[in-house]
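K.L.:
Taken in order, these protein sequences are the chains called S and W.
The working numbering puts the first sequence at residues 4 to 279.
The working numbering puts the second sequence at residues 4 to 279.
Any given hint might turn out to be false.
Heads up, the list lumps identical chains together, so a pair's fine if it works in one copy or across two of them.
As the list claims (entries may be wrong) - Within a straight-line C-alpha distance of at most 27 Å, the following computed DSS-like cross-link-like pairs (lysine-lysine) qualify:
hint, residue 1, residue 2
1, 149, 61
2, 52, 149
3, 205, 61
4, 61, 267
5, 52, 205
6, 205, 267
7, 267, 52
Don't read these hints as lab results, they were simulated from the structure.
Every value quoted in this text rests on a predicted model; they were computed, and no experiment measured them.
Number of protein chains: 2
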Amino acid sequence: MEKVAVRSVFFISDGTAITAETLGHSLLAQFPDCHFRQIRLPFIDTTDKARRCVEQIKAARIIDGHRPIVLSTLVNSETLAILQEADAFFLSMFEHFIGQLEDELGVHSTHVVGRFHGIAESENYQSRIEAINFTLAHDDGQSNAKLEQAEVILVGVSRSGKTPTSLYLAMQFGVKAANYPLIPEDFERNQLPGDLLRHHSKLYGLTISPERLSEVRRERRPNSTYASLENCRFEIEAAHRLMRAHHISFIDSTSRSIEEISAKILQEIGIFHSAE
Amino acid sequence: MEKVAVRSVFFISDGTAITAETLGHSLLAQFPDCHFRQIRLPFIDTTDKARRCVEQIKAARIIDGHRPIVLSTLVNSETLAILQEADAFFLSMFEHFIGQLEDELGVHSTHVVGRFHGIAESENYQSRIEAINFTLAHDDGQSNAKLEQAEVILVGVSRSGKTPTSLYLAMQFGVKAANYPLIPEDFERNQLPGDLLRHHSKLYGLTISPERLSEVRRERRPNSTYASLENCRFEIEAAHRLMRAHHISFIDSTSRSIEEISAKILQEIGIFHSAE
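Let the sequences and hints guide you as you build the complete structure.
P.N.:
So, in C-alpha cells, the structure goes:
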C-alpha cells in the first residue's frame, strides 16, 4: 500500500462538531497509513461563517496539493449548500441518514442544531453533571457517604487506572462511579473493608502489569519503594488474591483505553441503557 | 406531526459502540417527538455474539410491534452479514462512508476494529490521560505548580461550572485545563492573583445566572449566605467587573452544556487541532 501525502480533514458542524469529530476519528482510524491534518470548525451557523470555511478549505487544498476531506454534520440547508460548493471530498453525515430515518419513522426531522445544543436543561444532562460531581467526591476512597448511590465501585492498587476510568464512566455514560484503592492493610488482612463488601455486586477490579505500574509510579515518585518493580509485583499479586477471594471480576488496564475498559465494565455489570 | 410508539434502537459495534452511540444520539435528537429505547451492544466480535444480537432484536420487535433501528459500526463482514439478516431498519455507518473514502484516498482500509481499540499505547492517548491528571491536580486552584503547562485556565465564582468543563476539555480534547475560583478577596482588591495574570492569554471566564447559581449552591449548602440569591448576585456582578477590568472573555454556562462551553472556549482561545 502506497503512502499518501498529508490530507486536511475538516470536521464542520452548526454545533460543537464533537459528533463529526468522533465519527471522523473512527473512519480515519481505518486508514492507518495515511497522514491527516485534522481541523475542527464548530458553530458554523451563519452563511458568512460558511463562506469563511470555504476559504479555509481552499487554502488547505493549495497547501496539500489534494482536495481536503470534509466531514459535516450541518443540518441547515443554506450553510450546507455553501459548503458543498468548496472543492472538497464532502461527506455529509446527516443528509445520508436523516432522510432514511424520516422514511422509516414516518415523521419529519426538526433540522435544528445538534445533540449538545439546548440539552443543558434536560434531565439527562443534569444527571450526567451529578454523576461527575458524585465521582469526584468518591475518588480514591475519599468518602463513604451515599456510597449506596454508586452504580459501579472500582477497586485496584494505586495508579491502576481507577480515576480516569471512573470519570469517563460519569462523563460519557452518566454513571455514578466511586473508586477505592487497595492498600497494604487490605492485603495483610486479605479482606476488603466492610463498607465495600456491603456493595459487592457493584465492585469491579482494575489490574495492570507490574512493569507498566512501576513505570507510571516512577513518574510520580522516582526511586521510591512504592514505584519499585518488586513492590509493584507484590501489590498486584496480593490484589489478585484479594479480588479472587471475594469473587470480584477484574480487567487489565495495561493496554486498554478508558473507553474500552468502561464499555466492558458496563457490559459485565449489566448497565446497557444509553446515557441520553 | 403524529406521535409514534416506542422504538428500540440498538447501537452495535465490534468495539466499544461509543462512536455508534454518539452518532446515534445526534440523529435521534432530530426526532424529538419520537420515543426511543436505546440499547448499547459493544464488543460484538464473534458470529455467536452476532447471533445473540439478532435474538435480542427479534424480541424487541415483538415487544415494540415495530422493527427496531440498528445503528452499526461493525467492520467485520461476517458479523455484519449475520446482523443484516435481522428484521430491523439497519444503518451501517462504516459501509456507507468507508467505501467512498477508499476511493477518494486510493487505498484499502484495514477493516480492523475501531477507534478505541489498541489506542492505549499511542502517544495521543497517553497525552489525554496526562491532561486528565493535570486537570485533577489543578482543580479549584489547588496548585500553581507547572501552571505554565496549562493550555486553558478557567476562572469563575464557585459552582459556575469550572470543574466539569475542565475535565471535559481534558478527557475529550486532551487539553490541560486548570481552574481557579474567584473569591471575595479577589473582589475586594478588584484584582486577580499575580500567578494567574502571568498567564493572561490562557484565562477564560465562566459565568452563570444568579438564580441558577443560588439553586446549585442551595443543593450543597441549604439556607447559607453562600447560597442566598443576594450573595450570588453580588459575587457574579463583582466577577463580571473583575473579568472586564482584566479583559478576560467569558461565557454564560446557565443554559449551555459542557460540550458547547468547551468547544466555544477552544475556538476562542484558538485551539483548533483535533485530539487524535
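K.L.:
Need the list of violated hint numbers for this structure, in ascending order.
P.N.:
1, 2, 3
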